[in-house]
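A.B. asks: Sequence:
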Amino acid sequence: GLGGGEEGYKRRFANDAVRLAAGSAGPSLRARLARRGRSADTMQNLVMSSSLMTLAYGLLAAGAGAASSALVPLAVVLLFFVALDLGYAFLEPPVNAFVSRIAPARIGTTLMSITLMAIGGVPNLIVGWMGRFYEPLGPTAFWWLHAGIAAGGGLAALILRPVIARLLDQHEVGTLAMA
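Numbering of the sequence shown is given in our numbering, commencing with residue 930 and proceeding in unit increments.
These aren't lab readings, by the way, just hints derived from the structure by calculation.
None of these values were measured; they are calculated from a predicted model.
The reader is advised that the hints may include incorrect statements.
Between beta-carbon pairs, the in silico distance windows are [stated by the list, open to error]: (1) L1003 with M1046: 44 to 50 Å; (2) G994 with R1061: 19 to 25 Å; (3) G1057 with R1035: 19 to 25 Å; (4) L1087 with A1026: 16 to 22 Å; (5) A999 with R1061: 16 to 22 Å; (6) A1070 with G1049: 23 to 29 Å; (7) G1067 with R964: 43 to 49 Å.
Backbone N, C-alpha and C fix where the C-beta goes; we use that ideal spot for every residue, glycine too.
Could you build all of it, start to finish, from the sequences and the hints given here?
C.D. replies: The following block contains the structure:
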């Protein structure tokens, strides 16, 4: 948690404010890149998302390792949420757009629901299960484990990008699906 009492209240307020700002900044950053002709395709957005999430968990791991008390410094927590929320901003909208472009119209809504479960629901269940490793690993190693998982996702997106692009070339939507 973020602590109790007045200090915990301040931390929760700052956390919520930073999450709102970072979550709002992601779509505008992607739009600005698109206006400059530098928009990324879906797989590139996944790599960017994974990179930001790896950075976020790396910051938390470093903060936990450097913390002299039980609490990670507030500045580190805020930077964690900025990076994490920007990561989600590069994940959720592009993946939803990808599914809406590629899915057959008759099952589009169903596939969007499955996508939302795959992005939010299932990972949260897995993270809850992984919580059992916090005490045996300690805070620093626990958060480095999360960073490694996020980095693995980015590496998988990099490796699979040509394969997915080749599969989509055979699809009726074609290369538009990768946009």
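A.B. asks: Against this structure, judge whether each hint is valid.
C.D. replies: Status of the hints after comparison with the structure:
1. L1003 with M1046: 44 to 50 Å: 33 Å, violated
2. G994 with R1061: 19 to 25 Å: 21 Å, holds
3. G1057 with R1035: 19 to 25 Å: Because 34 Å falls outside the window, the suggested range is violated.
4. L1087 with A1026: 16 to 22 Å: 20 Å, holds
5. A999 with R1061: 16 to 22 Å: 19 Å, holds
6. A1070 with G1049: 23 to 29 Å: 26 Å, holds
7. G1067 with R964: 43 to 49 Å: 45 Å, holds
Hint violations for this structure: numbers 1 and 3, all remaining hints satisfied.
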